[in-house]
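Q: Here is what each chain is made of, one letter per residue.
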Amino acid sequence: RKEVEQDPGPFNVPEGATVAFNCTYSNSASQSFFWYRQDCRKEPKLLMSVYSSGNEDGRFTAQLNRASQYISLLIRDSKLSDSATYLCVVNPGPGTALIFGKGTTLSVSS
Amino acid sequence: EPEVTQTPSHQVTQMGQEVILRCVPISNHLYFYWYRQILGQKVEFLVSFYNNEISEKSEIFDDQFSVERPDGSNFTLKIRSTKLEDSAMYFCASSEGLLRTDTQYFGPGTRLTVL
Numbered sequence: 001r002k003e004v005e006q007d008p009g010p011f012n013v014p015e016g017a018t019v020a021f022n023c024t025y026s027n028s029a030s031q032s033f034f035w036y037r038q039d040c041r042k043e044p045k046l047l048m049s050v051y052s053s054g055n056e057d058g059r060f061t062a063q064l065n066r067a068s069q070y071i072s073l074l075i076r077d078s079k080l081s082d083s084a085t086y087l088c089v090v091n092p093g094p095g096t097a098l099i100f101g102k103g104t105t106l107s108v109s110s
Numbered sequence: 001e002p003e004v005t006q007t008p009s010h011q012v013t014q015m016g017q018e019v020i021l022r023c024v025p026i027s028n029h030l031y032f033y034w035y036r037q038i039l040g041q042k043v044e045f046l047v048s049f050y051n052n053e054i055s056e057k058s059e060i061f062d063d064q065f066s067v068e069r070p071d072g073s074n075f076t077l078k079i080r081s082t083k084l085e086d087s088a089m090y091f092c093a094s095s096e097g098l099l100r101t102d103t104q105y106f107g108p109g110t111r112l113t114v115l
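Read top to bottom, the protein sequences are chains A and B.
Taking the numbering used here, I'd label the letters of the first sequence as residues 1 to 110.
Taking the numbering used here, I'd label the letters of the second sequence as residues 1 to 115.
Next comes chain A alone, as it looks inside the complex (with noise of 0.2 Å):
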């Protein structure tokens, strides 16, 4: 069975703070990976796609490791806005079902 898994949560922290948020997937022949973001009772958004290399994108960094079958995002500078759940997604190619993680429902307080 093709599974994604993230750390529980929920994570809650202050404004300002980093947090970092882990997945882990199974098939190793994914070929695309996304964290997406999802407000409460609303669809899910991409954040951003995850590249080998690591990508940034302002305060979000992701973090793709092959051989480990391993994901990261990280958020630095917490913001309140920040507040949401953040699903980790596994395409195993073009035109085929995403594969969802539970999400890590992240809660940032002043």
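Keep in mind that the hints were calculated from the coordinates and are not lab data.
Keep in mind it's a predicted model, so treat the numbers as computed, not measured.
In this text, a Cβ means the ideal position worked out from N, Cα and C, and glycines have one as well.
Fair warning: there could be bad hints in the mix.
[Claimed, not checked] If you anchor each label on the Cβ, the simulated ranges turn out as follows:
| id | chain 1 | residue 1 | chain 2 | residue 2 | range |
| --- | --- | --- | --- | --- | --- |
| 1 | B | Asn74 | A | Ser68 | 37 to 45 Å |
| 2 | B | Glu18 | A | Glu56 | 47 to 55 Å |
| 3 | A | Lys42 | B | Ser66 | 21 to 29 Å |
| 4 | B | Ile54 | A | Ala29 | 17 to 25 Å |
| 5 | B | Glu1 | A | Arg59 | 15 to 23 Å |
| 6 | A | Asn55 | B | Asp62 | 35 to 43 Å |
[Unchecked claim] Chain B regions said to be covered by chain A (calculated; three or more residues, Cβ under 8 Å):
| id | stretch |
| --- | --- |
| 7 | 44-51 |
| 8 | 54-60 |
| 9 | 105-115 |
Given the structure of chain A, go ahead and fit chain B onto it with the hints provided.
A: Below, chain B alone, put in the same frame as chain A:
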């Protein structure tokens, strides 16, 4: 920015009734998908659709479900005889399907409540 749209935003129905959920994918996308999310659970894949036929489906997508692209813009999910356990958020998504890093974009969802 182009986006996936879905109607209705909320559908309430009686058990055993048929429902049709509607989606308008992003116009230049080739692949269309339906996912569902039962409250408190993870997003689950139902079906994907390409070139006017189902390309992949999950074990959830049984004979009660069907999909259709009735015209050049709409993509629908029909549930023939709803059950209580069909209550969930149903998300439509679309993607170009051309690149290895193909990205799926999601609509705002339809909340289906089966009474």
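Q: Tell me the hint numbers this structure goes against, listed in increasing order.
A: none
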